[in-house]
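Student: Turn these sequences into a full structure, and let the hints guide you.
Number of protein chains: 2
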Amino acid sequence: MTTRPLRTERTTVKRLPKRARYEREAVYRILDEGLVCHVGFVAGGQPYVIPTDYARHGDVLYLHGSPASRMLRTLEGGAPVCVTVTLLDGLVVARSAFHSSMNYRSVVILGTATPVTDPEEKLPAMGALVEHLIPGRWDDVRRPNPKELRATSILALSLDEASAKVRTGGPIDDEEDYELPMWAGVVPLEVTPSKPIPDERLATGTRPPRYVSAYRRPR
Amino acid sequence: MTTRPLRTERTTVKRLPKRARYEREAVYRILDEGLVCHVGFVAGGQPYVIPTDYARHGDVLYLHGSPASRMLRTLEGGAPVCVTVTLLDGLVVARSAFHSSMNYRSVVILGTATPVTDPEEKLPAMGALVEHLIPGRWDDVRRPNPKELRATSILALSLDEASAKVRTGGPIDDEEDYELPMWAGVVPLEVTPSKPIPDERLATGTRPPRYVSAYRRPR
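Residue numbers (our numbering), protein chains in the order written: chain X, 1 to 219; chain Y, 220 to 438.
Do not rely on the hints blindly, as some may be mistaken.
[Unchecked claim] With a straight-line Cα cutoff of 30 Å, these simulated DSSO-like cross-link-like pairs (lysine-lysine) come out:
{"#": "1", "chain 1": "Y", "residue 1": "366", "chain 2": "X", "residue 2": "195"}
{"#": "2", "chain 1": "Y", "residue 1": "237", "chain 2": "X", "residue 2": "195"}
{"#": "3", "chain 1": "X", "residue 1": "195", "chain 2": "Y", "residue 2": "414"}
{"#": "4", "chain 1": "Y", "residue 1": "233", "chain 2": "X", "residue 2": "18"}
{"#": "5", "chain 1": "X", "residue 1": "122", "chain 2": "X", "residue 2": "147"}
{"#": "6", "chain 1": "X", "residue 1": "147", "chain 2": "Y", "residue 2": "341"}
{"#": "7", "chain 1": "Y", "residue 1": "237", "chain 2": "X", "residue 2": "18"}
{"#": "8", "chain 1": "Y", "residue 1": "233", "chain 2": "X", "residue 2": "122"}
{"#": "9", "chain 1": "X", "residue 1": "14", "chain 2": "Y", "residue 2": "366"}
{"#": "10", "chain 1": "Y", "residue 1": "414", "chain 2": "X", "residue 2": "14"}
{"#": "11", "chain 1": "X", "residue 1": "147", "chain 2": "Y", "residue 2": "366"}
{"#": "12", "chain 1": "Y", "residue 1": "341", "chain 2": "Y", "residue 2": "366"}
{"#": "13", "chain 1": "Y", "residue 1": "237", "chain 2": "X", "residue 2": "122"}
These are calculated hints, taken from the structure and not from any lab test.
Tutor: Right, here's the structure in full:
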């Protein structure tokens, strides 16, 4: 992990700056826990925001998809990109509507992506993408063949410019509202896995591996 | 609910068009279940993607925030916007890395937002925002006073141009891969609430209302 600062003028949080985090470790922990990012790019003057999976590997974020995807073609052309990852941790139930809020951890990354074309980098990048979603799976899965490698575009976004924003804890109400009789507090929220559903064509008796039956996100 | 079509040239799904949905009912159901949207806008040629809460009311999507927020100021100026809501439903564990996927439901909305300034519309919009996160809360909460109303910017985005994209079901593997011995299937994922945490300054014995203790998203 490099120690280059992630904070720049453009990634300095202006609204509620106390919630900002710029240390790589804090930013990377959020990226590693998230499953989906939202990729923002501009095409014909119109912003588009597309959800997709991703993986962090060292100081690089990988995105992937079909070579036909407008998002990947736009980004390959060197268009500026914004990638945002948001973890929702709870509903903050305040006494007033005005102070009602959410607990969350989010990361905003700015930059320009570069196509990964060298197979020596492309295969490990695909491994990182599989491992990000299901840690442990890369060792079991049937790995990409040359045709599949060609049918997958991978982009690398260097983690040079980013910030995190984090809200934790209970409601902060106006002093005079604390006397009001209604309940206030937090409803914690979490993305939780339930019992794995085996594929219909799975051979009878094939048991799910531990990384599936005990699936959980890193925290 | 109007019957105007949401599908336009710009919101026609090109990649995996079988996954596309354009009916208002399908789109609205996803919007009503989601908690957070990702708002894309352009400032100085750079796209930004910011997570925030929202509410659908009829054929309008409301966004809110501080009048000082760059996002709200940019959108108030008539900048084109993209609002995306994504629900992650599961990890699709295929036999091959190439066919590994996710089950999801997402909505992409394009348009231009308009500031809501009439107090007759602003207060119900704030009610919709509270009710979207915690159905039932608006009747109990201390409602916004004139100062708080002034300190809140609300934007309305008319739902004129949108599409949904939905993936469900198990992995679709290459025919020859079905003989491979590894487990395949789906790990369902869901955003789940856990036990509400009462605020430290809550009067002893104040019980959470049912909309908190039995909190769940509409489905």
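Student: Of the numbered hints stated earlier in the document, which are not met by this structure?
Tutor: 1, 4, 6, 7, 10 and 11
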